[in-house]
Structure formats: C-alpha cells, structure tokens
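Protein chains: 2
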Amino acid sequence: MFHPPLLFTLSRHFLRRHHHHRRLSTLSHTLSHPIYTIWSANTGLGKTLVSAGIAAASVASPPSKLVYIKPLQTGYPLDSDAAFVYRKIPQILHRRNPNFTLTASNQTLNVSIPAAKVKIGDNFSDSRNGFGEFGFCEERKVGEGVGEGSELICKTIYAWNEAISPHLASEREGAFVGDEEVLVLLKKCLEIGVGSEGQGSVLSLVETAGGVASPGSSGSLQCDLYRPFRLPSVLVGDGKLGGISGTISAYESLTIRGYDVVAIVLEDHGLENEVPLLSYLRNRVPVLVLPSIPKDPLDNLMEWYDESQTVFDSLKGIMLSSYEKQMYRLHEMPKKAQEIFWWPFTQHKLVPQEKVTVIDSRCGENFAVHKVKDHDYITQMFDACASWWTQGPNAALQIKLAREMGYTAARYGHVMFPENVYEPALQCAELLLQGVGKGWASRVFFSDNGSTAIEIALKMAFRKFLADNKLLMDLPHYNTDESNIELKVVALNGSYHGDTLGAMDAQAPSPYTGFLQQPWYTGRGVFLDPPFISMCDGVWKIAVPKKMHYEDVILEDTSFNSRDQVFNRSRDDSKLASIYSTYISQELLPSSGSRKFSYAGALIIEPVIQGAGGMLMVDPLFQRILVKECKNRKIPVIFDEVFTGYWRLGVESAAELLFCQPDISCFAKLLTGGMIPLAATLATNDVFESFVGDSKLSALLHGHSYSAHAVGCATACNSIKWFKDSQTNPNLVPGQNLLRELWDAELVRKISFHPAVQRVVSLGTLFALELKVEDNDAGYASLSGTALLLKLREDGIYMRPLGNVVYMMCGPCTSHRVCLQMLEKLYKQLDKQEKIQTAHDYDHDQRLPIA
Amino acid sequence: MFHPPLLFTLSRHFLRRHHHHRRLSTLSHTLSHPIYTIWSANTGLGKTLVSAGIAAASVASPPSKLVYIKPLQTGYPLDSDAAFVYRKIPQILHRRNPNFTLTASNQTLNVSIPAAKVKIGDNFSDSRNGFGEFGFCEERKVGEGVGEGSELICKTIYAWNEAISPHLASEREGAFVGDEEVLVLLKKCLEIGVGSEGQGSVLSLVETAGGVASPGSSGSLQCDLYRPFRLPSVLVGDGKLGGISGTISAYESLTIRGYDVVAIVLEDHGLENEVPLLSYLRNRVPVLVLPSIPKDPLDNLMEWYDESQTVFDSLKGIMLSSYEKQMYRLHEMPKKAQEIFWWPFTQHKLVPQEKVTVIDSRCGENFAVHKVKDHDYITQMFDACASWWTQGPNAALQIKLAREMGYTAARYGHVMFPENVYEPALQCAELLLQGVGKGWASRVFFSDNGSTAIEIALKMAFRKFLADNKLLMDLPHYNTDESNIELKVVALNGSYHGDTLGAMDAQAPSPYTGFLQQPWYTGRGVFLDPPFISMCDGVWKIAVPKKMHYEDVILEDTSFNSRDQVFNRSRDDSKLASIYSTYISQELLPSSGSRKFSYAGALIIEPVIQGAGGMLMVDPLFQRILVKECKNRKIPVIFDEVFTGYWRLGVESAAELLFCQPDISCFAKLLTGGMIPLAATLATNDVFESFVGDSKLSALLHGHSYSAHAVGCATACNSIKWFKDSQTNPNLVPGQNLLRELWDAELVRKISFHPAVQRVVSLGTLFALELKVEDNDAGYASLSGTALLLKLREDGIYMRPLGNVVYMMCGPCTSHRVCLQMLEKLYKQLDKQEKIQTAHDYDHDQRLPIA
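Top line first, the protein sequences correspond to chains V and L.
Be aware that the first sequence starts at 1, since it is given in the numbering used here, and climbs by one per residue.
Be aware that the second sequence starts at 852, since it is given in the numbering used here, and climbs by one per residue.
Since the hints were made in silico from the structure, they are not lab data.
A portion of the hints provided could be inaccurate.
[Stated by the list, open to error] Derived contacts from chain L toward chain V, CB cut-off under 8 Å, selection only:
1) 897
2) 1096
3) 1099
4) 1108
5) 1197
6) 1252
7) 1428
8) 1520
Even for Gly, the Cβ is constructed at its ideal location relative to N, Cα and C.
Start from the sequences, fold in the hints, and give me the full structure.
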C-alpha cells in the first residue's frame, strides 16, 4: 500500500514465492508416538542442548527409541546439531549408568556441494538442485547391558556449509529446496518410530533452525513451512535481559499460526524471567528453568546435564502427558459429538459413531483429519465441499487472515454500526461497491448470513415495488397488516435462498419447506420452470421445459460445442430468446380469483447456477430475458449471489456472466474468504431512496447486533483484495477480472462421455456431475453418489453427497494441477464402479438443499 | 489448565494483577501533530539512536518542535535515553550548520529513591510510593541563528536505578507505579506540542523500554500498557543473525494488539535481513536499513549520523505522510459513511454528517472516538450501549480473545460441521450444556444470530408439540403445506425476537412488523399482556394489567421494598399467583371460528427483561406461572435469552432468576463475549428425539454455512470461562454463580425519586430509567431522552436512545466504581435539566426495537 520514496533503494526485493501446494497433498503424520517440534525464540538460546536433554531423559529407561530430526542445518559439517545429540547422549547416559546399552546412528541425507566438499573432498559431484545425496552415516553401540537397549536415531535432512540462515546459505551455495520436498522427507523421517511402539516408548523430536520465524531454504518462514504438520511444540525461551519480550513474541508467532506450545524452557540468567512469563500465560503453560549454561567451550557439559536432569525429566513428563491427553481426546470426540451436537441437515440416527470425522485442523484447502488404521495418524484431505461452499484461502491467505482477524479484534472488538463509521466497515463497503456492485449499486446493508441478507433484500424490493407502483400513499395508513395487497416473488423452481421463514417463503414448495419442517411456510411465489443446461457426451445442451412449446425450438439454439457459446450475447437474437420471452410474459400475467390484489413484487434468482438445488446451470439467456421482462414491469430484481458470488463461478460476481444488473444483490459465504460469517445486501440508489423520508417509520427497520462487525469486514477486505490481485492469486487471467480455467477441459469432456454420467457442469471453482440412475432411484432420495464419495474420501478428497450429484469445489487460488489430480481420481473411481452401487449401509446421504 | 509436577517449584508465581480501568476513562490524546511510539524487537538494537536520528531530522528545519518522552527509564541516572537525545541533537545539528538555533530542555519527573540518591545524594527523601517528585531539569540554547529556532523537549516520566527490567527494578527499589498513573502523566506530556502547530512542525516521540513485550513497572507488558492510546508505531528491528525472526515476532505482537506499524528500521549487519522482511510484509510496510553502528563506546557517532541522514529523512517523511493520510481519512470518513452505508434502523435523512461518530478503536469497554474541538483529538468514551448489547470484554479479555481468534483461524479457518467434530465446537457445546443448559438441555444447535436461533427454536418447538400431541401420524403424508392445522405461538405483548420473518411472526403487531416493513408479516400468536415491575419512588411496584380483575389484587402482593423480594419464590403462594394463573388459563383456551384447527404450539418469552420493548421487567412470578401452565398443556417452552443470557442480568442464564427451565433456549450476543456472531439453540433430549427417525425427512432440515464456525466457538469458550472464573472476573460473588451488585443501590433508589423519572430498573449489567413525559409525547415516537443522551455523550458516555427510556449497559467485569461514576453523571445531568427538553434538531431518535 505504502510506497515511500526510499532514497536508498533496496537492491533486491523478492516477493514471496508461492509456496502453497501445487499438488494434491498426501501429507500425513503418525500419532503412534509423541512427536514434538523444538522451537526457539532466537538463535543461541541452547535449543540443541534442550533437544539432547529431552532425548537423554527419554532413552534413559530402556527399551526406548528416540528419533532426532534436524531438517535444515547450516554451518555443516562443523556445526551439526544431530552430531552433537549423537555424541552427547551416550556420554550422558554412560555417566549415569556405565552398563547402559544404546545403539546410536547419525545420518545426513542431502548436503550442498560446498558442504560436501568440506566433508569428503573435491571428488564429490553427484548433485541434484545443488545438493548431493550424501548418505553419510555413522553408527555405534555403547554399553554391554543385559536385555534390549535403547535406540537413538539422528537425521539431518538438508545441510549447507555457511553458518548463516538457510535462505542465504541456499542462495550463496546454489542449493535450494522447496517447502514441499522438505515436508515429504520430514514425513518419511517421522515414520521411523512407527511399528516399534510395542517394544517400548518412542519419541521423535524435530529441531528447527534459528528463531521461530527464521526463513527456511525457500524463504518461507519456518513457522509457516512446517505448519501443515502442526506438530505440538516446545519453545526454548530467553532468560536474558529483554528475553521476556522475545519469548512472548515468539510464543505469539507460533500461536497465531495455530501451533500448540506445551512448555517453555529457558536458561536461568538470574532475572527470573519465568515469573512474568507465567503471569502472561496465566499458568496455563508450564515454564521450566534450566541452570546457567557453562560459557567455556571446552566444558563437556556433563555437570550441567546432571544439574538439569530433573528439569528434563519434568519436561519429558509434560510432553508425554500432553500427548496422552491429546490421544484420549481424539478418541472420545466422535462419541461426545454424537451425544451433544445437533448437526444441521442431519438425521442423527443414520450417523454411526465411526462415520464422524474428527478434524484436527485445516491448512489452506486441506483438512487434517484424525484416522486410525493399524495406528493413529493425522492425514490431509482436500476439502472439496469447500466447507459448505464458503472456503477460499490457500495456506498463505489463511495465516494472513488469521493475523488480520487478531489485529482487528484487538483494535476494535465489535463496535456499534448505526450512525457510526470505522475503517473496516467503510473499506469493506467501498470494496463491495467498487467490485461486485460496480456500475449499479450505491449502498451496502450488512448482516450475518445469506438467509438474513435475503430477508433484507425482500424487504427492500417490496418497498421499491410499492413506491414505483404508487401503492404507498400515506405511510401511517399502510402501517398495518390489513393491507388488501398481496405481494409475491417471481422465482425459479429448484432455487434455494435460505432457511429462515422469509427466505423459505421465496422458494417453491419442497420436502424442505413442508409442514413437517416449518408449519408457517407458504410458498409466496410465482415459480417458473427454468431451462437447464449441461454438458452431455461432450456437448452443452439445453433442456427446454415442456411449457415453452418445445416443438418450436430450433435444434441449433439448444446445443453448443463450447461453454463460451452458451454465454455469448448473440443468442439474444435467437428464436429461443423469443420463446423464453413469451413464456415469461404469460407467467407474469396478473393472477385473478384471489380476494386480494396480487402483485409480483420482486424477482429473485441465483445467477447461472442453482447450487443447493443440485448444481443446476440455468440457461443464462433465460435469466437475462427474465431480468429484462421484470425490469420492464417495474419488478425489482434480486440476485442471490450468496453461493455464486466472489469467484465461485470464476468471476467476482456471477452477474458478469449474465451481462445484466440487478437492483439488489446478496453476498455471504466467500465474501470473507470463507472464514467467518458476514453478509451484505447491495442496493441501487433508487432502492435506497424508497426508504428515505421524514419519519423513522419509513426507514428500513431491520438489524442484527453484529451488523458490519469489524472482524468480519476486515476479513472480507483482505480476502477481496487477495483474490483479485495477480500477485497473490496465480489463477487470475492477466488483465481480466477472471479466473483461468481450473478444471481440465479435455478431462471434463471425457467424463461427460462416461456411461455412468448423466451430465457435467464445470464453471469457475465448481465441477459437478450427475450420475445416471434407475428411474426409481432418481431425485430427492437418491443414494447413488454415496459409494463413489466414500471411495474418494479414502483417496484424500473430502466430499459430501448431493443426492446423485457429485461435486468438487476448490478455492479461487487452487492450482490447476490439484484440480486435475482430483478429476483424475474421480475418473478412476467412476471407471472402477462399472455399475453404481447403492450403499445401503449409508442411506442417509440424500439430496440436500445445502450439502 | 496444565499443572505439571515441577520438581523445582518456582519460588513465586504472581498472577497478573487486574490492570483494567477502575475509573471511568478520561484518556484522550491529541492529533494536532504526529505522535509516534518507538518500539524495539529487543534491547540493545539502537532504539535511542533511532529516536535521536528522527528527532534530528525533524528539528533540522526550524521552526519546529520535537517532544521526546521516555515513560520508563531504568539504570538511571547513568543510563538516560532522554539525556542522550538532549545532548546528541545539538551536536548533530551544530555539525551540519554551526548557526543552527535550538532551545533544548531535559526533565525527569519521578525518580525512585535509590536513583535519586545517586543523582543528588543522601539528603533526598521526599517520596510517594517509593518515588521522589524529582523535578530535575536542565536547559540550554545552542546557536545564534536569525529568526525563530527549533525546540527540543525531553521528558523522563519514571526512572529507577538498576539497569534491569522496570518490573524488577520496581520490586527491588520499592517504587511501583500503576498503569493508569503512567498513562495519565503520558497524556499530559503528549499535550506539550498542542497549540504550537501554527509556529512550525511538531513531532512527539514516545520511546519504550526493552522489547515490545517487556514488562512495565506493574508487570503489564508495555504493548498492553500503552494500548489505550494505540499510537502509531515505528519498530526498531534486528539486523543480526536470527534477527529476522525476532523482528517478525515483535511486529506480530504489536499487530495482534491492534497497533499500526508504519515502518521498520534496522542496523545493517551484512545479512540483508530487510529482504525477507519486505517479502513477509509484502512491501506494505517500508523497511529501512541503517549503516553499521560503531562499536567503540568512545565514538561520538557524528559520522554515523552523517551516513544515516538520508535514512532518517526518509523515515521522518514516512511518519509525516502516514499522519497526513490518517488525518485525511478521519475527516472524510463521516461523509463517505453517509454516502455508501445503509445503517440498520436508521432514517438516513435524519443523520446529518456532523452526527456521525468516527470510532478509531476500542479498548475494553471504551471506544476511542475522533473529535475536533479547537484541534483534532482521540478521546475515550464508555460504550454504554455495550455495542448493541453484546459487549463484554475488559481490555485484558479483548486482547486474549483477539489472540485466540488468531490462533483458531490459523488452526481451523472454517470447517464443515455436519457429521464432523473439532475441538472448539465440541468444547463450546460442552460449556453451554454445563453452564446455561445445566440440568435440562442435552443438545446444541449452532447458528449465526439471535434471529436464526429463534427460527430454529420455533421449528423445534412445533415438531415437539406435534409429536407430543399425536398430530404427526405419517410423516410423508404431512409433508405438504396443505395441513389443516394452524399453529400459533404464545408470546407477550411488547416482546421482540428478531427481524427475520419467522421471528417477526412470533411478535405482536407493531410499527416494526407492519405492512410497510414486511408485507408478509402475520402475527401468528396468542399475545398476552404481562404485568411489568419497576422501581418508582424507592419501591418496586407491579403494574397489573386491567384484564386480570385488578380489584382482586391485594396491595402487598404488588409492592416490594427490595428486588430480592420480587424474585422470592414464596410469592408462588400469593393471591396474585392465582390471579395470574386464571388469566393465563383463559387466554390459552382454544380459539374457535377458524377454518383450521388452531393450536398454541409454543411459548416464547424473554425471561425477566423485555429488552428491545423498552427494558421492561416482567414480573418473574407471572413468567414462572406461564411456563408451568404451558408445560401442563404440553406446549413447549422457548426462552429467548439472546439479550438476557450470559451475565446481562447478573446471572449466566436468566432462567436462574425464574426458577424454572425451558424446553428450548436461545443464546447469542454475549455468548462470544460480544466479539463476533454466533448463536446457539439448546434443547432437551425430548425435543431432539422428536426429530429422530429412519428418514432424513424427519431430521431438522435447517442450516447455515458457518454453523459452529471454529472462530466463533473458540471465542465463546474463552469468554464463557473468563466471565465465570473469579481469577479473571473480579465481579463474581465468591462461591456463587452471580455478579455482585454493579449499580449502587442507594443512588439507584435516589434516582427513582427524581421528579423527571417515571421508573427505574437495575439488574446485572443493566441500568434503565424511563423519563416522565407529557401524554402526547410518550410511547413510540418519544424524543425526550435525546437531550439527556447528548449531554452524557459529551461527558464521555456513549449512549443511544430507546424512546423515553435511557439505559446504560456495562460488561460483566466492569468495576462497580465505573458504574457509580456513570450513575453520578447521569444524576447530575437529570438535575440540570429541570424539564426535559425535546430536542427538535435531533428528532430521529425514537423508540427502537433494537437500540
């Protein structure tokens, strides 16, 4: 934002490289034994001494196994924390018990050429990306004790020669490693302990380099780099003058990235830094104090380790008991959830305990899910439901939004909106009007969710209608419920606008609106049959409803070889356009016979895609004509963009795809990037003016406590800007406010030919297909997708059924490659299932209005 | 939470003292000129060198004034950063221009006894809290230039002798200073530059001690201590190895407390730390690099300052331009707000631009508001509307919740709820059931706001009613809207349950529900007249509605000397109780004449206080009997605790005041401590069971995308725990789940006698009074409170009108003393206004359903 006139221009600016996962994540890590990351508030605070102390405490009672991992090591081979641990543990243990038996190994996996040359001389050359696959390994066995001994395994994954930060060493030594490669190798190392739990205790330690936010090789901060694993943490604090501040700040950098710190340990410098630290932590996290570390480099530290033994024993105890608590909780959670949650849209009787998914965290588009198969582990799954169609951020944006939420909550908390102004609300309104409201909207009304945004939109539209049609004569006179006017909405069959009564009343009757669900429901609409369009056998085809004199339709008007043709405005001149127009005009004729004067007071549509109705694409030509016909009749037009808005369909506002503008538009879900609730109803100045008057009674008397709440607005601001900035969103087509095609066109086409597939739709972040089903299995109660979805869940893709419609939804920044991999997995599973099996053991996943 | 078996027990644990404001805040600070805080990532990074560099750049072009303030100085008098600046600036400027004219002064205000003795010897003894009012001052004038010179004013506010952290020095030297005293003196020092802007540029610098999170004298971290001013900041970073991490962490500690950092400046150590820092900051915050600082303590730094001149000139430029941008924005905000916001419940025509309040931030219960009077300034106002009745946190809780929101967003973002479980949702449900749901509720259904929680509650209640009354025979058969059953709610006149259509339909007709506002409204209720109770002339009196055979009521049944008597269960045996019972039975007789079978399918009440209706207290005896009568008739009972819940009325659940339990209960607002939207509908197992069946169709098919969103749930968990823990909430009555009396009983009684006052209610965090008005001024359109409220706003209390009802709402942790001061101000204003003036220039503040 701020570009000061720096006189001494910095020689290099490097914009953060995009470190988000370009491949469908297959990361997972075991929970078969405790694994901890050792972080430090700064360099030189004794992180490796602490690792060695914990390691010694852990292997002291055989049989036990300790895996020590140093992913990034600089200053190698002179500095090698793994070598220090490898050398020191036998010394410590031997001193305590000369008969102690220990098998130890130390291995370095990848070494930069300069570091390798120092270690083994000039003849080393075998390299990849500037690294040699080094395979250096030393092993020893100490002690001659009876029975099984303990085992110490030390691994250095990447090493550089210069004793500087890894990002600098990488640059200077020409040896870079990407974040994902580090994580894949780290994942392998974490598996070392698996399977040996039966033979004694196992503990793995991952020691980071430098401070918590020191850059790794790629330039990613280490606290960001390791975030996908979100391992529990021990923080080595600073006992020196100024160390309270550094320790607290490092702790905060970890917590604001979602890490759990189970203990802080620091060296005593006589300042009792632990006292204010404990006060800050409200005694919720233990702070342990180590005796002063000898300054003499020749000191072998044996006496220091003797003095520190009780501290490390305590620390080990804390780490183990925290692990046990975590495991206990993970296992009890599904049962407790089943006992006390009341899930929306869920028949609880049909969700057995083993079907409950325990979500430990998320990182960008991926869930981290607890599973048990042989042993406990945490695995990543792509959240292809986009967490109820809201999810947008990649890992980098998630962390940024988290920080901004913290900032905003600390700066504003929640402040009252009416008659007030504060930066996040103002900026959010500005961004809405400059973006999705550009060219038509002039006012923003905030609320909490899609359903409230719709209720507000309806109130706005009705007033506008009454004003435009001179039905408001004397306000107080009409201020009763005894009007002889009946207002209806014009809406499309199969549409969905929310679950509060006003939003329900704007929908056509369905099992979801029936007496059983809401006895007060009365469908207050003129419900039209829209023509749907989808790809079948490689061709986009319109299904024209019977009512539209189907025989008149010319074939070339209803099938298209490309999606672009479907959206082409030249279709306005087609025969089909006039058929649509005629149909709409007939339906909008005033109805007679009612004891009241009945008017169509508003049009409400989901532009292009009816989401909850089954990911049905409505012919955009039909919607455009419908809007035009309503505007001609002074019927205010509402676009329900709760689902379609903010890049869901590849454009910021789906109205862009229709080439026409509403009077009122509703946004929610992706508005905040999919992080927290916020909704906005945008309106034209004409709509607003119909509420302006001398009396408060003519104002819009609707509001929610958290209207324009600061945290929601700030999150929306950051997310809106992120998605439309090509520096942060690699999917933006340069120079256009448009996402590149995310779903591989060839593969989509191929899928549309598959014998099991009825139709396919892909647009923006959405891919959906409808499975062919037997006639008696179609529609609402269909179960066909379930078997397929369960298979894809095993494949690392979290999906939910929408009857016989299967959909995948990614974020606006998700890479094309991830989408491709998901489609490939889907195609593979489709092929495996020669005939779709109806899964009778899982029969509750029927078609959902919100899936 | 975690109490490890530490072998070496820490000798002292001090729990954080309660640093929240015990007095009504009068803090304000000027915006007449730029004021910056200079923070540092650690000690010894050259913070004072930077201050002096900025100071020199600033005063270099006369006439200008530089105010340098060091609030906390240790190591005094040997170390004195103020003295360094005082000495160094003349040197630097004289070197550049021998004719430079500068008047400089250096003053130390309060000095600990040991420090004072070093400075002026043993004869010093005049002390307060271990400090001497020192008044040490030195002055000088340099240069003989023509015209007005520049001015340098250096102030040290508190000084200690030992060169350690202020909290330790305070302890060792027996010289403590509370946070509020520091702020009050700092506020004075910030005013030094005011009024002299006309004579040239003015800049104030506040230099902190140590790192950003180093403790001050009281033990409060400095980043928390100075938070009420939230001054814009410059961060001195660390250019050394490991310094990237420390700088980023310090930056994050500042931002997660709501500070704005306008620039980072660091010393060059040849590691190019600025490159990864700029990458992290995405170039949004400039990072400036200073030449390496000479290590020789005898170096006079003159050459270094020469080399650094361009950097400090840039830095000064950044600081000034950022200030100008801030001022520009503050001034344009009201206009922009008026142009693009659509405020809820607001007749825009009646809000002139000058009435728009610009809220710059909040700190605990106080807003920081931008005002202009002679010059621009930011002043604190107590948020007595509790930001639309949601606000709870004090400053410490706000910061804690902000951090937890950051953590939760980073860990989970938003994850899908149905069939899933994650820690925040589970813990929140557990806390709800163990707290407000204890003894009756077994299930939690999450949604987004009070209105949706009510819509869900109604759906639950109706189903339960149908099931209990054998009206559900064959589900699919009833799954239409053609039922011949009509369901109504039983509700109280004047109640309010939300603005979505279902919630509106459960309310009695009013201007807010009329055709003009929502043409679809039909009051679907049996609306009863409740007996209201309030204090008049020192006595609590019940106004028994006419319909209840008023002549039968015994006087002693309707007036009470204390509120406790009102809530006493012995009243169940009174004559009045049977009158209530008879009235209710009559009203619940089935109505006839309808073409459908009409049933009362649910009771819905706001327990004890009807908030939006005008802070009306309903006789708790009446509500208890109403609940009993409904339960006898198998009519499910809904408590709408959206307003009353979570300590608003001094207890966690207002149901405790009624001594009876509902079948369904709704919570929102204070559930998250008043930070972000979240709502919960709690239900008994019987209610839940009426939705359990073999078919998904019998499940509750209602949901919102952000159901049980992680950030909301985690915020609720932290807030619920904070308010009911006596370690964090000083207002808890020991051993009871009850807030102490917050509103001074004597003063409340006195106010009830005031001739202008009709009635008074005080309960929990709520104080309300109704003003006496002429008959034609009463009720909905009343304006009487406005003049009073405007006066109280000038007195630092932010209030909104509710017709002729004036209310103040505090948080559950607000101190009794703050409440007392507010009541005193109110009483004073009441007295001043002999006759309540109706303010015709501000006539839009009529009675609001939500004020």
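Sort out which numbered hints this structure fails and list those numbers smallest first. 1, 7
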